[in-house]
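My request is simple: use the sequences and hints to build the entire structure.
2 protein chains.
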Amino acid sequence: MEKDEEFLKAYLQDRKKLVEEALQGFLAPHGNGPSEIYKAVHYSVFAGGKRIRPILCLAAVDAAGGNLAPAIPVACALELIHTYSLIHDDLPAMDNDDFRRGKPTSHKVFGEALAILAGDALLTEAFVLLSRTGKIMLPAEKRLSVIREIAYAAGISGMVGGQALDILSENMNSDENILSEIHRRKTGALIVASVKAGAIVSGAGKNKTLALSRYGLNLGLAFQIADDILNVTGDSAIMGKKTGSDVARGKLTYPSVLGMDAARQKLQYHVDEAIASLTAFDERARPLRVIARYIENRQE
Amino acid sequence: MEKDEEFLKAYLQDRKKLVEEALQGFLAPHGNGPSEIYKAVHYSVFAGGKRIRPILCLAAVDAAGGNLAPAIPVACALELIHTYSLIHDDLPAMDNDDFRRGKPTSHKVFGEALAILAGDALLTEAFVLLSRTGKIMLPAEKRLSVIREIAYAAGISGMVGGQALDILSENMNSDENILSEIHRRKTGALIVASVKAGAIVSGAGKNKTLALSRYGLNLGLAFQIADDILNVTGDSAIMGKKTGSDVARGKLTYPSVLGMDAARQKLQYHVDEAIASLTAFDERARPLRVIARYIENRQE
Numbered sequence: 467m468e469k470d471e472e473f474l475k476a477y478l479q480d481r482k483k484l485v486e487e488a489l490q491g492f493l494a495p496h497g498n499g500p501s502e503i504y505k506a507v508h509y510s511v512f513a514g515g516k517r518i519r520p521i522l523c524l525a526a527v528d529a530a531g532g533n534l535a536p537a538i539p540v541a542c543a544l545e546l547i548h549t550y551s552l553i554h555d556d557l558p559a560m561d562n563d564d565f566r567r568g569k570p571t572s573h574k575v576f577g578e579a580l581a582i583l584a585g586d587a588l589l590t591e592a593f594v595l596l597s598r599t600g601k602i603m604l605p606a607e608k609r610l611s612v613i614r615e616i617a618y619a620a621g622i623s624g625m626v627g628g629q630a631l632d633i634l635s636e637n638m639n640s641d642e643n644i645l646s647e648i649h650r651r652k653t654g655a656l657i658v659a660s661v662k663a664g665a666i667v668s669g670a671g672k673n674k675t676l677a678l679s680r681y682g683l684n685l686g687l688a689f690q691i692a693d694d695i696l697n698v699t700g701d702s703a704i705m706g707k708k709t710g711s712d713v714a715r716g717k718l719t720y721p722s723v724l725g726m727d728a729a730r731q732k733l734q735y736h737v738d739e740a741i742a743s744l745t746a747f748d749e750r751a752r753p754l755r756v757i758a759r760y761i762e763n764r765q766e
Numbered sequence: 467m468e469k470d471e472e473f474l475k476a477y478l479q480d481r482k483k484l485v486e487e488a489l490q491g492f493l494a495p496h497g498n499g500p501s502e503i504y505k506a507v508h509y510s511v512f513a514g515g516k517r518i519r520p521i522l523c524l525a526a527v528d529a530a531g532g533n534l535a536p537a538i539p540v541a542c543a544l545e546l547i548h549t550y551s552l553i554h555d556d557l558p559a560m561d562n563d564d565f566r567r568g569k570p571t572s573h574k575v576f577g578e579a580l581a582i583l584a585g586d587a588l589l590t591e592a593f594v595l596l597s598r599t600g601k602i603m604l605p606a607e608k609r610l611s612v613i614r615e616i617a618y619a620a621g622i623s624g625m626v627g628g629q630a631l632d633i634l635s636e637n638m639n640s641d642e643n644i645l646s647e648i649h650r651r652k653t654g655a656l657i658v659a660s661v662k663a664g665a666i667v668s669g670a671g672k673n674k675t676l677a678l679s680r681y682g683l684n685l686g687l688a689f690q691i692a693d694d695i696l697n698v699t700g701d702s703a704i705m706g707k708k709t710g711s712d713v714a715r716g717k718l719t720y721p722s723v724l725g726m727d728a729a730r731q732k733l734q735y736h737v738d739e740a741i742a743s744l745t746a747f748d749e750r751a752r753p754l755r756v757i758a759r760y761i762e763n764r765q766e
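Protein chains in written order, with our numbering: chain F, 467 to 766; chain R, 467 to 766.
Among the clues, some could well be false.
Since the list gives no way to pick one copy over another, a pair counts as held whenever it fits inside one copy or between any two copies.
[What the hints assert, rightly or not] Derived lysine-lysine pairs resembling BS3-like cross-links, with alpha carbons at most 27 Å apart:
id, residue 1, residue 2
1, 469, 732
2, 732, 505
3, 717, 574
4, 505, 717
5, 516, 469
6, 475, 674
7, 505, 672
8, 732, 516
9, 717, 516
10, 482, 505
In short, the hints are calculated from the structure, not lab data.
Spelled out as C-alpha cells, the structure:
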C-alpha cells in the first residue's frame, strides 16, 4: 500500500483543487457588488489557506460513502466562515495581527472599515451559498440541517462565544478548563460542524454521525494544541506569521498552562482518540485517519 | 372607521409587543455563552428600536392573509440582522458614532472587540433562529426560501455592499445614482426582504409577492430620504442622536444632492408609489398603507 505520507499529499492536493475551483467560481464578482469589497474578500480567501475544514467535510463524505458534488458548496461555505473569523480576529481591536500566512492582514491592506465589512460579507455569503437555488443538489430538509449545524457552530455557542471568552481571558490566571472551553468553541465547533455536515450530506446513520462528531471534537482540540505548540517552537519562516506572540500577549495556551511535555502528550492523546472513534469505518476513512496523524506532526 | 393615526398606534403597539416578547425568549442566555457577549447583544437589541422591519414582515403577512405565528421567528431574525448592522456601522473605523437612540453605542460601553463580536453574534444567531428545529412551523422549502432572501439582502448584493459603497463614497462628488444605489442596498434590500419573507411565509402568489416587493423597494427609499431629511431638520432630543452629523462628515444625502425641496418631493413620490403598489390588496393591507404615510411624516 501507498505510504501514508504520499497518500495524504495526493489526497489533500486533489481535494484542495476541488475546493479552490469552487471558491473561485462562487466568489467571482456577481456584477453587483462594489469591486473593493470583492477585492478584500478575494485577498483573504485566496491567501494560501490550507482548506482544512472543507477537506475534513469532504473526507467525512468519503468515509461515509457519500457523493462529493453536493458537499462542495457546503465545504466552501465552511471556508468562507473560517476566513471571516480570521479577518475579524486579526483586527486591531482584537488580536491586532499585522501578518497572516506571510501576507499583511486585511485591515493592513484595505483599512479597518473594509476589513470589518469583508468579514461580515464572508459570513453572510456563506449562508447565501448554503441556501441558494440549484447549486446544492440536496433535499431541503438536509440543507436546513446543514445550515443549522453550521450556524450553531459559528454563533454564540461556538466560534463567536469562544473568541469572546478568549479575549476576556487574556492575562487571567491559567486554568485548563477555561482553555478547553475556549478551544472547544473557537476552533472545535466549526471543525465538528465540518465533519457533521459531511455526514448529513451523505445521509450517514446516527452511529456513524456520532462517531464522526467524536472524531471532529478530538481533532479540533489536537489542532489547537498543535497550534499553541507551534506558536512557541515553530519556525516563523515556514509558518508565515510571528511565533512567540501568544506569550507576549499573555494568552492562555496549552504549553503555558500544562507545560510543553504535558501539552505534547495531550496532543497525542486527542489524535489517538480521533482515530479510535473511526473503528466502525472501513478503508474509505483512511483520509480522516491520516489527517489526524498529520495534525500531530504539523510544522505549519 | 378608526382614524389612521389611532389605528396605526394600536397596530404598532400590538405587533411590537409580539416581537419584543419573542426576542426576549430567543435571546435568553442559553446557559452556554459567555455572559458578556449576551450582555452586549441584549444591550443593543433592547435599546429602543422601533422594530420597523419585523413589523413590516408581519404587516405583509396580514396583507397576504397569512398566519402570524410562523412569521414571528422570521421577524425576529430580521431585527437581529438590523441590530448587527447598526453596531458595526457605529464602530470607530466606520461611522464612529458615540450615541444611538439616546444611548452610548455598543463599543462605547463594551469596547470595540466585544462590539465587533456582538455584531458577528447577532448576524449568525439570525441564521440559527431561521434554521433551528421546531421553532418555525413552515415546510423546509419555504424556510430555505426565507433564508435565501434574507441572506442575499444582508450580503454583498445588499446591506454589506451598500455600507461599503457608503464608506467609499464619503467626500466624493455628489451623484444621485450612487446615492440611490447605496440606499437601495444599505437599507432598501433588508426592507424588501422583510415584506418578501412575509409573502413567502403566507404562501402569497407571484403577483402579490411582486407587489409587496415593489412596496418594500419604495418604502425603503422613502425611509432613507426621511432619515436624511431628519438628520438636517430633526430635533436631536426627540431622535436620541446627534443631527447634522451627515453634513459634518461630508456624507452624500438626498438633501445635499437634490436640495431640501426636491428631497421632500422625492419622499412624497416614493410613499405614493409604495401605496399604489398595494391596489390589488384589500383592507387587510391597511397597516402597510398607514405605515407608508407614517414614514412620510416621521419625526424620529
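Query raised in the report: Quick one: residue 469 to residue 732, C-alpha cut-off 27 Å, is that within a copy, between copies, both, or neither?
Result: within (26 Å within a copy, 71 Å between copies)
Requested in this report: Using 27 Å as the alpha carbon limit, work out where residue 717 and residue 516 are close: within a copy, between copies, both or neither.
Outcome: within (24 Å within a copy, 41 Å between copies)
Query - Copy assignment of residue 505 with residue 717, given that the CA separation must stay at most 27 Å - result: between (32 Å within a copy, 23 Å between copies)
Report task. Using 27 Å as the alpha carbon limit, work out where residue 717 and residue 574 are close: within a copy, between copies, both or neither. Result -> Close inside one copy (23 Å) and across copies (24 Å); limit 27 Å.
Report task. Go through the copies and call it for residue 732 and residue 516: within, between, both or neither, with a Cα cutoff of 27 Å. Result -> within (23 Å within a copy, 51 Å between copies)
Query raised in the report: For the identical chains here, do residue 732 and residue 505 meet the 27 Å Cα criterion within one copy, between copies, both, or neither?
Result: neither (40 Å within a copy, 34 Å between copies)
Requested in this report: Tell me, please, which holds for residue 505 and residue 672 at an alpha-carbon limit of 27 Å: within, between, both or neither?
Outcome: neither (42 Å within a copy, 36 Å between copies)
Query raised in the report: Are the CA atoms of residue 482 and residue 505 at most 27 Å apart within a copy, between copies, both, or neither?
Result: For residue 482 and residue 505, only the intra-copy Cα distance (22 Å) is at most 27 Å; the inter-copy one is 40 Å.
Query - Intra- versus inter-subunit Cα pairing at 27 Å for residue 516 with residue 469 - result: within (21 Å within a copy, 63 Å between copies)
Query raised in the report: Using 27 Å as the alpha-carbon threshold, which applies to residue 475 and residue 674: within, between, both, or neither?
Result: Within one copy only: 26 Å inside, 55 Å across.
The structure fails to meet hints 2 and 7 from the earlier list, while all remaining hints are met.
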